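Those letters in the first sequence? Residues 1 to 432, by the working numbering.
Hints were generated in silico from the structure; no laboratory data involved. These numbers were taken from a predicted model, which means no experiment stands behind them. All C-beta atoms in this analysis are idealised placements derived from N, C-alpha and C, irrespective of residue type, glycine included. Hints may be right or wrong, so weigh each one.
[To be verified] Below 20 Å or equal to it, Euclidean Cα-Cα: the simulated PhoX-like pairs (lysine-lysine) are:
(1) LYS231 - LYS364
(2) LYS223 - LYS46
(3) LYS216 - LYS231
(4) LYS423 - LYS383
(5) LYS364 - LYS350
(6) LYS231 - LYS247
[Claimed, not checked] Pairwise CB distance ranges, derived in the manner of DEER restraints:
(7) GLY57 - GLU208: 24 to 30 Å
(8) GLU236 - ARG59: 23 to 29 Å
(9) GLY80 - ILE428: 39 to 45 Å
(10) ASP66 - LEU7: 31 to 37 Å
(11) SER182 - ARG260: 35 to 41 Å
(12) GLY382 - GLY57: 38 to 44 Å
(13) GLY80 - GLU180: 15 to 21 Å
(14) HIS219 - LYS74: 22 to 28 Å
(15) ASN157 - GLU205: 22 to 28 Å
(16) GLU137 - GLU206: 25 to 31 Å
(17) GLU180 - ASP66: 42 to 48 Å
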Amino acid sequence: MSGEVSLETIVSLCKRRGFMYQGSEIYGGLAGTWDYGPLGTVLKRKILNLWWETFVGSRDDMYDIDSAILMNPKVWQASGHVDTFTDPLVECQNCHARLREDYIKDKKCPVCGKDKFSEPRQFNMMFKTNIGPVQDEKSISYLRPETAQGIFTNFKNVVDSFYPDVPFGMAQIGKAFRNEISPRDFIFRSREFEQMEIEYFVHPEEWEKAFEQWRKDIHKFLKALGLPADKVHELEVPDADRAHYSKRTIDFEFDFPIGREELLGLAYRTDFDLMNIQKASGKSMEYRPKDGGAPFVPHVIEPSFGVERAMMAVLSAAYTEDEVNGEKRAYLKLPADLAPVKVAVSPLLKNKPELADKAREVYKMLKKEFGAVMYDDNGNIGKRYRRQDEIGTPYCVTIDFDTLEDDTVTVRSRDTTEQKRIKIAGIITTMS
RNA sequence: GCGGGUGUCGUAUAACGGCUAUUAUCCCAGUUUUCCAAACUGGUGACGGGAGUUCGACCCUCCCCACCCGCACCA
């Protein structure tokens, strides 16, 4: 059922319930930017936490990094971004196709076959900015188009501080910026987005082994996000389509409401980045094994996730419609770890002070334990259940007249709509 | 960026060159309600933005912005 959800439904729910709003909406918006609302902020944080816990916190070979968004422009020259991001594009004057000049063979448009083109124009996918008050060529810098370079530029620092055994990884969560020509499809392609990236440094001969391990670990993580395995697909990216630095890439695609699209990438970047830095900086990137083996420049496996895409996948996978008492019900079947609200507490009737007082008491107790707890006395009880369903709250605790007698409450499950009566003292263990 | 389309409360909609605009739902407050969007009362809330034409523009014209569909782009 969730497979048929339209993007529009997701966007609408996100706005109505406070997950995502269009950026600068009150001023007419700004294309390619989105703001997280209260629930979206929490959902995002939970996705980040799950990623971090899975790939960093629970391992002993990972190192955190949080590098600056503004970097020395030499970084982007060395990485190849300045060159590859500034390819001149020409426009076919017949069919208006925009093409990289170096793609055109025989001076003919590959789309329509005609041979008249406009003058080449520079397109730069990096956001330019100026550092300091004087705006000239010397002051130009860029907002990073990927977080990866912040890791590579700190490789030597981390090796010097910790001297970890290879293989080891460096992980970073942070914003990246790309001046996309046409941002589209909700948060799928935006100009400002958040990456969760790892650069995993390996011995050159060990890359395939590490690559395969990451491949498996990624599938496990996607499962933990609640993404059904039959909607996740691996795409072996052919030579011609791979990024300039990569010798092997698998795109992990997901069946989004907009179709099958890339959710994340797993790339073997070879020693491309470290070698570039070594050449550009003159500093050695060699790693000397502690066992006295031959020094080498590590190769890199890069699993690269986008938070927005992950969130869009999570939301569209979670969206479910069914029927309760003959009426349509929409709910988010979010994994309990990800639900922005873990449990909602309600008095059965809001105008009975004794129920409301008791409900407040239970609310406070659960709030202290779980944090993500909401007190809800809007409308009537059925309405509250539906509202909580729609934001993916796994449990609703209702305080009724029996509660006052015997300290029991009903715990209602989002997925089954069934209720169990349990002792207040047992709520926490039931949900943990 | 190109071509086409769209733009009225959060959502879905109605009307009109002439009282700053309809209805439903949502939302908020209250009454009520002993478990799945009940009912009743009241309330907040919109013509995407800016120019122009006009005595008067949500409506006509132009520009901008945003969104949708194609194309291209997505190292």
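Please flag the earlier hints that this structure goes against, numbers listed from lowest up.
-> 1, 4, 6, 9, 11, 14, 16 and 17
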